[in-house]
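Enquirer: Listed here are the chains, written in short residue letters.
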Amino acid sequence: MSGAQASGGVYIYGVVHREPFQDGDNSLDVAAVGDGGSAVRTVEYRDLAAIVSDFPADRCDVTRENVLAHQRVLERAMERSDVLPAAFGLVAENDADVREKLLRPEFEDLHRALDSLRGRVELELKVLWNREALFSEIVEESDEIATLRDSIAGLSPEATYYERINLGEMVAAEIDRRSDQVAEEVLDALQPLSVETRLNENLTDMTVLNASFLVEKKDVPDFDARVQELGARSLGRLNFHYVGPLPPYSFVDVSLSLEE
Amino acid sequence: MTMSYSRAPARGAQVQRMGGSSSLADVLNIILDKGIVIDAWARISVIGIELITIEARVVVASVETYLQYAEAIGLTALAAPPQGDQGGQQRKMQPSEDRVLAYISDRSEGARLGELEAYFDASREDLSNILNQLADQGKVRRDEEHKLYLPAGQKQ
Numbered sequence: 214m215s216g217a218q219a220s221g222g223v224y225i226y227g228v229v230h231r232e233p234f235q236d237g238d239n240s241l242d243v244a245a246v247g248d249g250g251s252a253v254r255t256v257e258y259r260d261l262a263a264i265v266s267d268f269p270a271d272r273c274d275v276t277r278e279n280v281l282a283h284q285r286v287l288e289r290a291m292e293r294s295d296v297l298p299a300a301f302g303l304v305a306e307n308d309a310d311v312r313e314k315l316l317r318p319e320f321e322d323l324h325r326a327l328d329s330l331r332g333r334v335e336l337e338l339k340v341l342w343n344r345e346a347l348f349s350e351i352v353e354e355s356d357e358i359a360t361l362r363d364s365i366a367g368l369s370p371e372a373t374y375y376e377r378i379n380l381g382e383m384v385a386a387e388i389d390r391r392s393d394q395v396a397e398e399v400l401d402a403l404q405p406l407s408v409e410t411r412l413n414e415n416l417t418d419m420t421v422l423n424a425s426f427l428v429e430k431k432d433v434p435d436f437d438a439r440v441q442e443l444g445a446r447s448l449g450r451l452n453f454h455y456v457g458p459l460p461p462y463s464f465v466d467v468s469l470s471l472e473e
Numbered sequence: 009m010t011m012s013y014s015r016a017p018a019r020g021a022q023v024q025r026m027g028g029s030s031s032l033a034d035v036l037n038i039i040l041d042k043g044i045v046i047d048a049w050a051r052i053s054v055i056g057i058e059l060i061t062i063e064a065r066v067v068v069a070s071v072e073t074y075l076q077y078a079e080a081i082g083l084t085a086l087a088a089p090p091q092g093d094q095g096g097q098q099r100k101m102q103p104s105e106d107r108v109l110a111y112i113s114d115r116s117e118g119a120r121l122g123e124l125e126a127y128f129d130a131s132r133e134d135l136s137n138i139l140n141q142l143a144d145q146g147k148v149r150r151d152e153e154h155k156l157y158l159p160a161g162q163k164q
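Protein chains in written order, with this note's numbering: chain F, 214 to 473; chain V, 9 to 164.
It is worth saying that the hints were derived from the structure and are not from the lab. All C-beta atoms, glycine included, are put in the ideal place defined by N, C-alpha and C. Each hint should be verified, as a subset may be incorrect.
To be verified - Have a look at the derived ranges for each label pair, beta carbon to beta carbon: (1) V/Gln102 <-> F/Ala372: 50 to 60 Å; (2) V/Ala48 <-> F/Glu278: 38 to 48 Å; (3) F/Glu278 <-> V/Ser70: 34 to 44 Å.
What the hints assert, rightly or not - These stretches of chain V come out as covered by chain F in the derived footprint (C-beta under 8 Å, 3 or more residues): (4) 74-82; (5) 126-136.
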């Protein structure tokens with residue numbers, strides 16, 4: 214790093230065991246966050262290392278390229294070591310700060326966190342309703358809703374404003390009920406194969422479940438099989454977005470506010 | 009990046025486990041919010057965040073949503089002709105505007121034409137027409153540079 218500190222710095226991807234990155238090969242052949250051209254390398258302290266690259270700018274824009282680079286670097290690192298991933302957008306001033314303000318003072322906590330994730334990966338599952346299928350089954354299976362719908366069919370929206378709101382409320386309650394039921398089934402099937410589960414916010418009304426699972430690497434094939442089974446059983450009714458293995462982002466509880 | 013069509017499986021397809029970098033939209037919130045957090049070193053540009061992370065949070069307990077649901081329930085009767093009417097021909101049917109809109113609305117990261125083609129098993133021409141209509145109505149937004157269709161309402 215040059216002495217200029219007005220802009221730029223060192224981007225941090227995460228913390229790993231030092232040993233797999235030694236042997237004179239501490240660079241990862243993968244594009245860096247920022248301009249993509251900086252070398253991705255390690256900064257070491259005792260048996261830990263931070264994966265970093267020189268960062269050319271003041272701010273870290275949340276662009277597709279940058280987020281993708283962050284993720285790709287960690288995927289590459291995961292091939293060699295357990296990884297304690299950093300959230301996107303951490304930039305230290307220089308290598309010395311990475312070592313002296315992060316790795317050295319937080320050594321115990323980082324080590325403990327990394328050890329607790331040994332041999333484990335994160336799998337991310339979103340289960341979403343197929344909108345058409347959901348509304349069809351609600352009408353077909355709820356007499357109350359079907360009756361109210363039929364009673365206002367063909368009448369003008371203005372004349373039936375309050376009936377429509379009432380109908381919509383009943384549908385919303387029905388969606389909730391069905392979503393809870395499906396989410397429970399999915400969790401019952403998958404939780405026995407996961408070390409820990411974290412539920413994330415359901416961002417849309419069509420989301421049944423948005424969960425992160427911490428899974429032993431050796432259990433991933435079994436976990437896959439269960440997800441396949443759930444998917445096959447609900448074909449056309451639900452959509453599954455199944456992503457992983459990820460560095461265990463959701464299971465890192467390291468939040469630091471460093472004193473300057 | 010490699011295009012992936014399988015995050016929402018086509019009829020008869022298995023659920024595929026996608027790598028994080030090929031399914032970025034699904035893991036974006038995790039990458040931004042989770043992991044080691046160091047307040048003093050976070051240099052995320054807030055302007056950038058608006059570009060890709062604002063997912064449409066549907067406020068369910070609102071009159072507007074209830075009216076939408078009522079509408080959706082009313083439509084199912086009309087939109088679901090008895091099985092067999094299509095003569096078993098499921099191929100290359102034109103998807104409804106609503107379905108295309110719903111698909112795009114679920115993807116704050118945007119969707120590509122090729123992806124939509126694969127998902128709906130529809131012709132490029134039909135889809136382009138639908139997308140043009142949706143864009144004209146201001147319901148979806150075109151990102152010419154990245155060849156993406158995005159939910160409307162996201163800040164440029």
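Enquirer: Which numbered hints turn out to be false for this structure?
Expert: 1, 2, 5
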